[in-house]
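Just need the whole structure built from these sequences, with the hints factored in.
Number of protein chains: 2
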Amino acid sequence: MTERDAVLAANLEFYRAFTASDYRAMETLWARVAPVLCIHPGWPPLLGREAVMQSWRDLLANPEPTHIMCHDDQAFLYGDFATVICEEELANVHLVATNLFVKESGAWRMVHHQAGPILAGSYEGQPHRPH
Amino acid sequence: MTERDAVLAANLEFYRAFTASDYRAMETLWARVAPVLCIHPGWPPLLGREAVMQSWRDLLANPEPTHIMCHDDQAFLYGDFATVICEEELANVHLVATNLFVKESGAWRMVHHQAGPILAGSYEGQPHRPH
Numbered sequence: 007m008t009e010r011d012a013v014l015a016a017n018l019e020f021y022r023a024f025t026a027s028d029y030r031a032m033e034t035l036w037a038r039v040a041p042v043l044c045i046h047p048g049w050p051p052l053l054g055r056e057a058v059m060q061s062w063r064d065l066l067a068n069p070e071p072t073h074i075m076c077h078d079d080q081a082f083l084y085g086d087f088a089t090v091i092c093e094e095e096l097a098n099v100h101l102v103a104t105n106l107f108v109k110e111s112g113a114w115r116m117v118h119h120q121a122g123p124i125l126a127g128s129y130e131g132q133p134h135r136p137h
Numbered sequence: 007m008t009e010r011d012a013v014l015a016a017n018l019e020f021y022r023a024f025t026a027s028d029y030r031a032m033e034t035l036w037a038r039v040a041p042v043l044c045i046h047p048g049w050p051p052l053l054g055r056e057a058v059m060q061s062w063r064d065l066l067a068n069p070e071p072t073h074i075m076c077h078d079d080q081a082f083l084y085g086d087f088a089t090v091i092c093e094e095e096l097a098n099v100h101l102v103a104t105n106l107f108v109k110e111s112g113a114w115r116m117v118h119h120q121a122g123p124i125l126a127g128s129y130e131g132q133p134h135r136p137h
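Taken in order, these protein sequences are the chains called A and B.
When we follow my numbering, the leftmost residue of the first sequence carries the number 7, and every step to the right adds one.
When we follow my numbering, the leftmost residue of the second sequence carries the number 7, and every step to the right adds one.
These aren't lab readings, by the way, just hints derived from the structure by calculation.
A few of these clues could be false.
On the chain A side, residues computed to face chain B include the following (Cβ under 7 Å) [stated by the list, open to error]:
no.	residue
1	PRO41
2	PRO51
3	PHE87
4	VAL102
5	VAL108
Quantities reported herein were computed from a predicted structural model and do not represent experimental measurements.
Glycine residues also receive a C-beta, built at the ideal position from the N, C-alpha and C atoms.
Here it is, written out as structure tokens:
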């Protein structure tokens, strides 16, 4: 398995844990040493492992699990740091996510997640679309 | 100047270049060697320097410049990689951004930007708010 494959596997584990409401797996996936951050769609940023893991505890405790499919996942490596860009399909919304990982104790661990809607609006106030 | 200060200075340079419609400065700021990505709000992801810089060329050519204020900027360092989380105030929208930087030829260069609205909606389909 290449490093890129290992990063993509960690990214898929994130979506598996999310869809399965598997808090224990989610808790294992997030880094323990490196700084941990998370920006859930529409939320202000959460900084620090305690705040981030509390948000997952709350979200995964929801009695109606989130059905979320990840596709078009692409990994970009920068030494022991990696970025995954992927799209998220939910029942009623189409999001794009940035997921960040660091190599910690030999495993790729998550340090950041930001997701936001695709086609939700215009760029920072301006009615532009990509060419 | 600490490395953290240098990263925050690079982040502020991004917003200065954006507000000033200074494409030359924006072009200098983005990495030349490391993989470059960008997710403008509502857009599908742009991958690769050519696509990302074309988007900035188009956005900064708009005759009505974007007035964008960055605040609550915080930097998190992971060796030669850094994440900045900050909020963006525009005339009619409040966004939160993830900006990623790598150390390249001794300078912090941008490799990724994702911005999305705060308080725009619910988390990945679910009506949750942080606690």
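Do the hints match the structure? See the list:
| no. | hint | verdict |
| --- | --- | --- |
| 1 | PRO41 | holds, 4 Å |
| 2 | PRO51 | holds, 5 Å |
| 3 | PHE87 | holds, 4 Å |
| 4 | VAL102 | holds, 6 Å |
| 5 | VAL108 | holds, 6 Å |
When held up to the earlier numbered hints, the structure conflicts with none and fits them all.
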